[in-house]
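Engineer: Sequences listed follow chains A and B, in order.
The numbering of the first sequence is this note's numbering, which starts it at 2 and goes up by one.
The numbering of the second sequence is this note's numbering, which starts it at 2 and goes up by one.
Quick caveat, the hints were computed from the structure, so don't treat them as lab data.
There may be inaccurate statements among the hints.
[Claimed, not checked] Simulated restraints, written as ranges between beta carbons of each label pair:
| hint | chain 1 | residue 1 | chain 2 | residue 2 | range |
| --- | --- | --- | --- | --- | --- |
| 1 | B | Lys463 | A | Val437 | 20 to 28 Å |
| 2 | A | Val564 | B | Asp148 | 37 to 45 Å |
| 3 | B | Gly312 | A | Val564 | 33 to 41 Å |
| 4 | B | Lys463 | A | Lys227 | 27 to 35 Å |
| 5 | A | Lys224 | B | Asp526 | 38 to 46 Å |
| 6 | B | Lys224 | A | Asp63 | 37 to 45 Å |
| 7 | B | Ser158 | A | Lys463 | 53 to 61 Å |
| 8 | B | Gly123 | A | Val437 | 53 to 61 Å |
[To be verified] Non-contacting residues of chain A with respect to chain B, defined by C-beta distances greater than 10 Å in every case (computed):
| hint | residue |
| --- | --- |
| 9 | Thr334 |
| 10 | Asn421 |
| 11 | Ala486 |
[Claimed, not checked] Facing chain B, a subset of chain A residues (Cβ under 10 Å, in silico):
| hint | residue |
| --- | --- |
| 12 | Gly41 |
| 13 | Ser217 |
| 14 | Phe220 |
| 15 | His272 |
| 16 | Ala305 |
| 17 | Trp306 |
| 18 | Asn462 |
| 19 | Gly467 |
| 20 | Asp504 |
| 21 | Ser505 |
| 22 | Phe561 |
| 23 | Trp566 |
C-beta atoms are modelled at their ideal positions from N, C-alpha and C, and glycine is treated no differently.
Number of protein chains: 2
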Amino acid sequence: MKFLIKSALLHILVLLLVYNLSNCVNGHDDSVTRQLQRPGPQYYPSRGEPWPKPQLRNLYNDSIMIIRPPIFRFKVLRYTCDMVEDALKRYYSIILKTVSHSAPIVNLANAKHNKSWKSDPGFKGYLDVLQVDLMAPCESMPHESMDEAYEIKIGTSGFEGTGLLTASSNWGILRGLETFVQLLYPADDFSSIQIKTTLILDYPRFSYRSVLLDTSRHFLSMKILKQNLDLMAFNKYNVFHWHIVDDQSFPYQSRKFPQLSDKGAYQPYTHVYTQQNIAEIIEYARLRGIRVVAEFDTPGHTQAWGPAIPGLLTPCYNKEGQPDGTFGPIDPTNEKNFEFIHSFFEEVVSVFPDKYLHLGGDEVYYDCWKSSPLIAAFMAQQNMTDYAEVEQYYMQRLVNIVQSYPKNSSYIVWQETIDNGVQVKKDAIVHVWKNVNVPQEMSHVTSLGYKTLFSSCWYLNKISYGIDWTTYYDCDPQNFNGTNAQKRLVLGGGPAMWTEYVDSANIIARLWPRASLPAERLWSDANVRNKSDAARRLEEHRCRLLKRGYQLQPPNGPGFCGVEWD
Amino acid sequence: MKFLIKSALLHILVLLLVYNLSNCVNGHDDSVTRQLQRPGPQYYPSRGEPWPKPQLRNLYNDSIMIIRPPIFRFKVLRYTCDMVEDALKRYYSIILKTVSHSAPIVNLANAKHNKSWKSDPGFKGYLDVLQVDLMAPCESMPHESMDEAYEIKIGTSGFEGTGLLTASSNWGILRGLETFVQLLYPADDFSSIQIKTTLILDYPRFSYRSVLLDTSRHFLSMKILKQNLDLMAFNKYNVFHWHIVDDQSFPYQSRKFPQLSDKGAYQPYTHVYTQQNIAEIIEYARLRGIRVVAEFDTPGHTQAWGPAIPGLLTPCYNKEGQPDGTFGPIDPTNEKNFEFIHSFFEEVVSVFPDKYLHLGGDEVYYDCWKSSPLIAAFMAQQNMTDYAEVEQYYMQRLVNIVQSYPKNSSYIVWQETIDNGVQVKKDAIVHVWKNVNVPQEMSHVTSLGYKTLFSSCWYLNKISYGIDWTTYYDCDPQNFNGTNAQKRLVLGGGPAMWTEYVDSANIIARLWPRASLPAERLWSDANVRNKSDAARRLEEHRCRLLKRGYQLQPPNGPGFCGVEWD
Numbered sequence: 002m003k004f005l006i007k008s009a010l011l012h013i014l015v016l017l018l019v020y021n022l023s024n025c026v027n028g029h030d031d032s033v034t035r036q037l038q039r040p041g042p043q044y045y046p047s048r049g050e051p052w053p054k055p056q057l058r059n060l061y062n063d064s065i066m067i068i069r070p071p072i073f074r075f076k077v078l079r080y081t082c083d084m085v086e087d088a089l090k091r092y093y094s095i096i097l098k099t100v101s102h103s104a105p106i107v108n109l110a111n112a113k114h115n116k117s118w119k120s121d122p123g124f125k126g127y128l129d130v131l132q133v134d135l136m137a138p139c140e141s142m143p144h145e146s147m148d149e150a151y152e153i154k155i156g157t158s159g160f161e162g163t164g165l166l167t168a169s170s171n172w173g174i175l176r177g178l179e180t181f182v183q184l185l186y187p188a189d190d191f192s193s194i195q196i197k198t199t200l201i202l203d204y205p206r207f208s209y210r211s212v213l214l215d216t217s218r219h220f221l222s223m224k225i226l227k228q229n230l231d232l233m234a235f236n237k238y239n240v241f242h243w244h245i246v247d248d249q250s251f252p253y254q255s256r257k258f259p260q261l262s263d264k265g266a267y268q269p270y271t272h273v274y275t276q277q278n279i280a281e282i283i284e285y286a287r288l289r290g291i292r293v294v295a296e297f298d299t300p301g302h303t304q305a306w307g308p309a310i311p312g313l314l315t316p317c318y319n320k321e322g323q324p325d326g327t328f329g330p331i332d333p334t335n336e337k338n339f340e341f342i343h344s345f346f347e348e349v350v351s352v353f354p355d356k357y358l359h360l361g362g363d364e365v366y367y368d369c370w371k372s373s374p375l376i377a378a379f380m381a382q383q384n385m386t387d388y389a390e391v392e393q394y395y396m397q398r399l400v401n402i403v404q405s406y407p408k409n410s411s412y413i414v415w416q417e418t419i420d421n422g423v424q425v426k427k428d429a430i431v432h433v434w435k436n437v438n439v440p441q442e443m444s445h446v447t448s449l450g451y452k453t454l455f456s457s458c459w460y461l462n463k464i465s466y467g468i469d470w471t472t473y474y475d476c477d478p479q480n481f482n483g484t485n486a487q488k489r490l491v492l493g494g495g496p497a498m499w500t501e502y503v504d505s506a507n508i509i510a511r512l513w514p515r516a517s518l519p520a521e522r523l524w525s526d527a528n529v530r531n532k533s534d535a536a537r538r539l540e541e542h543r544c545r546l547l548k549r550g551y552q553l554q555p556p557n558g559p560g561f562c563g564v565e566w567d
Numbered sequence: 002m003k004f005l006i007k008s009a010l011l012h013i014l015v016l017l018l019v020y021n022l023s024n025c026v027n028g029h030d031d032s033v034t035r036q037l038q039r040p041g042p043q044y045y046p047s048r049g050e051p052w053p054k055p056q057l058r059n060l061y062n063d064s065i066m067i068i069r070p071p072i073f074r075f076k077v078l079r080y081t082c083d084m085v086e087d088a089l090k091r092y093y094s095i096i097l098k099t100v101s102h103s104a105p106i107v108n109l110a111n112a113k114h115n116k117s118w119k120s121d122p123g124f125k126g127y128l129d130v131l132q133v134d135l136m137a138p139c140e141s142m143p144h145e146s147m148d149e150a151y152e153i154k155i156g157t158s159g160f161e162g163t164g165l166l167t168a169s170s171n172w173g174i175l176r177g178l179e180t181f182v183q184l185l186y187p188a189d190d191f192s193s194i195q196i197k198t199t200l201i202l203d204y205p206r207f208s209y210r211s212v213l214l215d216t217s218r219h220f221l222s223m224k225i226l227k228q229n230l231d232l233m234a235f236n237k238y239n240v241f242h243w244h245i246v247d248d249q250s251f252p253y254q255s256r257k258f259p260q261l262s263d264k265g266a267y268q269p270y271t272h273v274y275t276q277q278n279i280a281e282i283i284e285y286a287r288l289r290g291i292r293v294v295a296e297f298d299t300p301g302h303t304q305a306w307g308p309a310i311p312g313l314l315t316p317c318y319n320k321e322g323q324p325d326g327t328f329g330p331i332d333p334t335n336e337k338n339f340e341f342i343h344s345f346f347e348e349v350v351s352v353f354p355d356k357y358l359h360l361g362g363d364e365v366y367y368d369c370w371k372s373s374p375l376i377a378a379f380m381a382q383q384n385m386t387d388y389a390e391v392e393q394y395y396m397q398r399l400v401n402i403v404q405s406y407p408k409n410s411s412y413i414v415w416q417e418t419i420d421n422g423v424q425v426k427k428d429a430i431v432h433v434w435k436n437v438n439v440p441q442e443m444s445h446v447t448s449l450g451y452k453t454l455f456s457s458c459w460y461l462n463k464i465s466y467g468i469d470w471t472t473y474y475d476c477d478p479q480n481f482n483g484t485n486a487q488k489r490l491v492l493g494g495g496p497a498m499w500t501e502y503v504d505s506a507n508i509i510a511r512l513w514p515r516a517s518l519p520a521e522r523l524w525s526d527a528n529v530r531n532k533s534d535a536a537r538r539l540e541e542h543r544c545r546l547l548k549r550g551y552q553l554q555p556p557n558g559p560g561f562c563g564v565e566w567d
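Okay, chain A solo, but in the shape it has when bound:
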């Protein structure tokens, strides 16, 4: 069997030579104009290349070490904690999966006599221990300024025969473990798992790297939310932006206002997130160094709130001046609504421990307000001439409420809030999402001194035919005219997956590995831009995550993984 697979690999190598596939590797654009196809995959995967690419990586003399999982162990130095121990267990399982899918299984007895790599002049011995050196006590909750830097040394000078992962915080240990397992790859003959001797110094370019999931247009199961958190951790994302409710449905089950999901969820028992569910997601994310930032978007996007809270939404009027039975955004003329908002958001900030809450504030359509004599009277009374002022009034009261809680919450708002002139807190964050005039908007928002997030070109729900990841890869949050101080205000951002056309059946395969592109843009150095290098690493990364049991779509054209998803 070993022989057969070896001959298969030899065959691939021969094909590579015969067909001169090296120029095919850069070739998906070529293949459009070139009419003759070549056999074999469009891109051959890289081997042992991490995604996202580390800030600094030195390789030494093409030398390799062999990892023998039954013997291999993690050795914890200095500090540890439950979170670290849990991660060690998870990553050991992943190493075992990597091995078990690299048939034939490493047989230790045979391995000792295996000539193919022991006779390799690059062979530098066994990596039987990875020392895990956490230099400070663990922090409990991931937060906006957590330190995610780490260092990996494999077989480098002074560390012959061993490996070292060092970090100043448990967050760095988590990120470093992910990188470490990504460095492993099967030998040519599948007889062993190799790792190149290497030095890695790594840290994120941006501190806020989020994935937005919308659980309102379609409900997403707990299993899918957790799978997505796994995949986020595998790609070094650190914020789950949970757009939990919207016009279509209200799956958040409130303690204080259970009628919201009773009347607003698609189904009030099966299509809700209970308080227990939410706590479970927050804990699952915490163990992976991921913050959960919840979004309760108001005053627009609130149709599903309406049935539960009479008077909350603005009644729209027909041409005869009568309410027409439909409703618009939250009604800011009804003082009781601010009592509800105060009480409801007080619960929300207690349920979601992160300092930041996303308050939405996007796409407030004025047609309904324009139809309403009550809004007209209110505007006259307040000396308002523009409906943006009505929106501004609502948002100002909302942010005042949220910043009044003892928790010292802060918040994120979509760009319209600022574009419409609302005064927000100094440490509030503005989220740019529109895909028009993006550099101007980024310049504008940062010139006002606001911390800024960027999602404009990463609306991954918008699919198109063919390879689309190059667009996501080219995009950069700091690509606008501004001072260094303005650039530093960009905290990061991330992709959004709105769920009009996806649900639990297809969201994972559609989102991943496309969301790996913004992940690298947000983590790696700004100069990491080589697309043919990225294509080969992405091919490896996708197959690697497929092996771990996740259902990811192929990122490139024709090709295959050693183990296919089934």
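With the hints as your guide, set chain B onto chain A.
Structural biologist: Chain B only, in chain A's frame:
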């Protein structure tokens, strides 16, 4: 629990009334222009509506019967056979799944005293038996002119308290059983499974209703091929068009020429279809009334054949008149190639029992032939002036070979073969696939008297954002100018799923339920075109198949199924 779910349903009904959602049901085009969203799903699913829509369906007085699976049974009259018995077993399992997902489970003891439906004036009793009346002995293999008609009577005059499925052939019984289980739907309070009293007379509009899968660009696992056959049967497709090999890889493991997959598969052990695998797929399809038509596309699309058969492909020449190491289509100047073709296709027609083999013949690019002095010499010798004549020469020899076998095979060719002037057999079939000048091409091909297949507007690999099924639904194979005789030459056709960007991880969710649209166009009456009706039935159909355990993407905008995929 029953009360809670009832109240949930009541709530949905209330929402329907309050928000006047009835005009939202037709409304996905509206929602683009209308800025205010309404809560709830875009389309509410229909209840007990089969897909594809039967040719004739009468409903009687809104009366319903109740099916109690522990008591319900099939009663076979006259003929039966293994294939029918196997289908009864499969469909009984599906009925049980339908019930088990309609919580709470029907409790017979309670059901007898359940007022909610027994007091329903429409209640016409229990459907405890479906008589299955096959009027002739079973046929063994599905074939081009199999009879798929059937009749269903549920509680109609003369059949009170019982149901009857009648067909002249086992193929009709298979189609009718699928329709029968689709007629079942949960009662409002989920306390029972209902069926409307009804008469259905049904038969297909077209006899050839195929789904093409490409297993060359990406390999598809046996499990995925079988899932796709299941879904085809659920949508009354009757031909699996297996585009098994192509430029990128050659997964067909030949008995006579094992080197083809040894050298041409992505991986010669894990990424091949053995003879046993193929027999298993053919048998699995047979039991579902599905033919397997294999495609071995030549003379283009053959790059992966090259490494195994020296001299098969045309060597391409550089400007200096030297072979440049690349290869073009099969070399028709090498007489030995026709010996190989004769021997190889002789095996193929013995492996695939269907009378028809798809011979390809599309996209033969001439650049390589143009570069070759050997081709030039051959053309001079043969008095050829056009490269289409070279292609014609090859195809003519190929079809002559295939029609020379004792099996009396016939074949299908892509449209280029005819466009380039090849003479094919009287009973050969021409497959129109290009999406330009489609009506002209259909007119042209049928005017030559050829039987014709149509796939032009059903290339489902080509995705776009949003709801795309309406395009597939509007399309019609007989939409061209021609005589009735020409129209009758259109045997059908079907969707294609080329696998550049899909593999086992995402093909099912991407293909289904989008492939349900051509299924209805090919089966139902040409006048079945109402898209708002289709949207609601499609919503039900997708949720129904999700319940059976298949991972289908949502076909419309926001919404939910009673049971989500997980």
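Engineer: Any hints from earlier that this structure breaks? Give me their numbers in increasing order, please.
Structural biologist: No hint contradicted; all consistent.
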